[in-house]
Amino acid sequence: MLFFIILVLTIAGSFILPWSAAAIIAFIAAICCAKTSGQAFWSGFGAVFIAWMMLALFKSIPNNHILATRVSRLFHLPNWAFVLVITALIGGIVGGMAALSGVLVKKVFEKQG
Amino acid sequence: MKIFKAILSVTITIALIWLLQTKFGDIPPVGKFLNPVSGFWQNAEGNNAFADENLKLTGLQGNVVIRYDEHRVPHIFAENDHDMYYAQGYVTARDRLWEMDIQTREASGRLSEVLGDKTLDVDRYHRRMGMVYGAENAMRGINKDPQVKAAVDAYTDGINSYIHSLSRKDYPIEFKLLDYAPEDWKPINCALLLKLMSETLAGGSDQFALTNNLKHFGAKVINDLFPDYPYNEDPIIPEGTKWNFKPLPIPKPSASFLAQMTDSITTPGKKEDIGSNNWAIAGSKSANGYPILANDPHLHLTYPSIWYQIQLSSPTVNTYGVSLPGAPCIVIGFNQKISWGVTNVGADVLDWYQVRFKDASKNQYWYNNQWNNAKKRIEVIKVRGEMPVYDTVIYTHHGPVVYDSPTQQSGGVGENVPVGNALRWIAHDESDDFMTFYLLNRGKNYDDYREAIKHFTAPAQNFIFADADKDIAITPAGKFPLKFKDQGKFILDGSDPANDWQGWIPFEQNPTIKNPERGFVSSANQSSTDQTYPYYITWKFDSPYERGKRINDRLTAMKNATADSLRLLQGDTYSIHAQNVLDAMLGYLDPTKLSADQLQAYSVLKKWNKRFDAGEIGATVFQLWWNNFYRMTWDDKFSVKNTRLLYPNRDRTVKLLLTDPKSKWFDNTQTPAVETCGDIVNIAFAHAVDKLVKEKGKMNINWQWGRVMHTEIANLAQLPGFGSGNFISGGASGVINAISGSNGPSWRMVVQLGPVVKGYGVLPGGESGNPGSFYYDDMLQTWKDGQLNELLFLQYPTEVSKRIKSTLILTK
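Just so you know, the protein sequences line up as chains A and B, in that order.
For the first sequence, our numbering gives the first residue as 1, with consecutive numbering after it.
For the second sequence, our numbering gives the first residue as 114, with consecutive numbering after it.
Because the hints were derived from the structure by calculation, they are not lab data.
Since the structure is predicted, the reported quantities are computational estimates derived from the model, not experimental observations.
From the three backbone atoms N, C-alpha and C, an ideal C-beta is built for every residue, glycine too.
Warning: the hint list may mix true and false statements.
[Unchecked claim] Straight-line C-alpha distance at most 25 Å; calculated PhoX-like pairs for lysine-lysine: (1) A:Lys106 <-> B:Lys897; (2) B:Lys328 <-> B:Lys777; (3) B:Lys723 <-> B:Lys897; (4) B:Lys750 <-> A:Lys59; (5) B:Lys918 <-> A:Lys106; (6) A:Lys107 <-> B:Lys328; (7) A:Lys107 <-> B:Lys115; (8) A:Lys35 <-> B:Lys777; (9) B:Lys231 <-> A:Lys35.
[To be verified] Going by beta-carbon spacing under 8 Å, a handful of chain A positions derived as facing chain B: (10) Val8; (11) Cys32; (12) Gln39; (13) Leu67; (14) Thr87; (15) Ile90; (16) Ala98.
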């Protein structure tokens, strides 16, 4: 559930919000409906990882990966797929950490409540 | 505990985002750059990205229709000139914004603002050379001319209209990599680009080195080895042409004196072999009876391409050609009636004057037997992440003292005599060069051509011309200072008014020729005229004569030529240099004394067709052999530690080889034996073959010229992966097809005049400056193949053509 909420909102938000909005989306979504720390991190990680991969491919496939290939050479990587995976990993880590933060913050208030 | 965990987690997340947003050294902000929302992925253009578009823009007066062809060349149709230049600015920025930005930053010494202190020296150099000062003066000329001012202003508005429409995700990828934002365009940026061209084409000087030569060897040797006219020459204005004007009195030579040594000045030397070709044949030589014109300007090639193809049409003009991204109008091109092109002249329009200051304050300098006030200009160089650097540049009436070096003087000698050199440079003068292109774009005949080029100041160009009235012409045009012979060959005494530039050669007396008997006009950066021309332009033009000679030989023989004949000539790789020296050099070799490898190389050379084609092994052996011969002849005398000397050029070396084999210059001063020409030729040959065998093994495919010459078009910012990569190519600097390493034809064009004009052309790259575009390099293969695209010259906005792929309509 958490996974899908973050995934959908991250993709939808990408058209109007800055890239770091993914963190806020994951954070708030985790506050709303995360259960455990592990579930929150991996949902956030997986959702943003996949969202970013889809968004990148959405631009890169019609481009025949011309640009991603050039960027892979710029960073001395073997091919464009590495750039894609690194991009998705960065998104994933940010999303995972944000979701984890969300659930941990939520737990602080749960105790008080 | 839970609170601690929560705070820790939130802190790590925020720190992570901050890290991903921040640039460290040369590494771009990773998150900002890689994220697919606003990072580089957004710059990936789809192959169907160019659907029809309608845009509403403020500042337009009417509607503009822009039609894009299959190479994404924009064909602009506007209802008035203002909108046409506005649209030119808009579409150029859309394709080339970063290129425009970085080039104006380079010209104006503002790279460090975005790149940090590693470019501080480059910035300081450009500031101290007076690039901004020159651009400011150019703006004065532009502002006096209402038509040009209107064009520059409209062009600027168009660029800014595009910049203002951008959000971060739309920025060209280089802005994202270097992590900065585009800034508003200013009219002076257009002038700065011209200054950059002046720097490339007329910003070098051999004066220091040659002055050192004079001290080192004495006048007799210098006059012998550095003559004022080449041994081999085939001038642009045919030999024997009569000058039908009464020249102005030539200024008297001054009692000049040698300047102090100034070895650490970093002005580059004049490059031999930088250059270009253009020619036009008369109707008498063409198949359809009308002239055909060809031009290929050679420059250091880059991605994005140096030139931007465009068609400009309004009620006052309809013209097609290439423009400089960042400047209005078309620089090389054609319209229905005329066609024109340029090559560099290489006139001596940059001179150094030794300055004597009164005291350490450098407020006054000695000139015309009195102390004169110097001006000071403070240059503020902003540096990314650091405090700005303040640099004071002293200006005499000649220009900026680019370098003043009391700190360089060792041992306390001359510490009270601050010595520097002031720069007198044509690029500092008020000018209105855009007027030339403004008028050429609208030109209809020979008179219009002459009127147009009258306005050109610098860098002086050989303007070639052909029209539908069947006239052809060529004129080295630009402002040429009136000088005594060899004025500026060596550093000049800045205190003596007799050393100043004494006015200008009148435009009407610039070398020019119209419809010569031989049926063609041409130039390839060789001498403008023979020695009968009454004025001094320079002691050495840009290039030796070989390309010009080959062009003239071929054009002389040409009959019933078509555009394709001229296209083939642009790809010609025959070496006149090899023709001149190869037999003489082979004559010194004794085949019976050669090793097996050498004998093999010898027989390849014997059979070599003297062409620098990609597959020729002879070209490789010859080039290496000649380079060795040249270096072995001069190195021991001209490579002196801590002193920059100028080597004698190729032409003088050829003369020595062919006419003076016992010359003392062939003797290697570092050996006890006395060598002659034959000895050097033999040693040079043995070394060349040894080197090839050592590096590439016994003669094999890797000896081929195309595999030895490293040809590559690099990205303007040298970004790996953003260039063309290494490719195999024929060509050489001394042949017509002057591809040589990363230098070569930056635009090839052939125009067949006639009742209906037909243009052909190709860029080594593409229209788009976006490495993520299909149009970044879509023309490279055509260029490599030596082919040209037929240029789509539309006559009206709704003209039907299968080649039109999309339409962009701009409305107010």
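Hint check results:
Taking the CA atoms of lysine 106 (chain A) and lysine 897 (chain B), the gap is near 64 Å; set against the 25 Å cutoff, the hint is violated. Between lysine 328 (chain B) and lysine 777 (chain B), the direct Cα distance comes to roughly 19 Å. Compliance with the 25 Å bound is thereby established for this hinted pair. For the proposed pair lysine 723 (chain B) and lysine 897 (chain B), the alpha carbon gap of about 20 Å is at most 25 Å, so the pair holds. Under the criterion of a C-alpha separation no larger than 25 Å, the hint pairing lysine 750 (chain B) with lysine 59 (chain A) is inconsistent with the structure, at around 61 Å.
For a cut-off of 25 Å, the pair hint linking lysine 918 (chain B) to lysine 106 (chain A) is broken: about 56 Å separates their Cα positions. With a C-alpha separation of about 85 Å, the suggested pairing of lysine 107 (chain A) with lysine 328 (chain B) is violated against the 25 Å cut-off. A hinted pair counts as satisfied when its Cα atoms are at most 25 Å apart, and lysine 107 (chain A) with lysine 115 (chain B) qualifies at roughly 7 Å. With a C-alpha separation of about 93 Å, the suggested pairing of lysine 35 (chain A) with lysine 777 (chain B) is violated against the 25 Å cut-off.
Restraint check for lysine 231 (chain B) and lysine 35 (chain A): not satisfied, since their Cα atoms lie roughly 51 Å apart, outside the 25 Å limit. Evaluation of the valine 8 (chain A) hint against chain B yields a violated restraint, the C-beta minimum of about 15 Å exceeding 8 Å. Checking cysteine 32 (chain A) against chain B by beta carbon gives a least distance of about 16 Å; that is not within 8 Å, so the hint is violated. For glutamine 39 (chain A), the shortest C-beta to C-beta distance to chain B is roughly 15 Å, which exceeds 8 Å, and the interface hint is violated.
The beta carbon of leucine 67 (chain A) is positioned within 8 Å of a beta carbon in chain B (closest approach about 3 Å), and the interface hint is therefore held. Taking 8 Å as the C-beta contact cut-off toward chain B, the hint placing threonine 87 (chain A) at the interface holds, the least distance being around 5 Å. With a least beta-carbon distance of about 6 Å to chain B, the hint placing isoleucine 90 (chain A) at the interface is held under the 8 Å criterion. Taking 8 Å as the C-beta contact cut-off toward chain B, the hint placing alanine 98 (chain A) at the interface holds, the least distance being around 5 Å.
Consistency note: the structure conflicts with the earlier hints numbered 1, 4, 5, 6, 8, 9, 10, 11 and 12.
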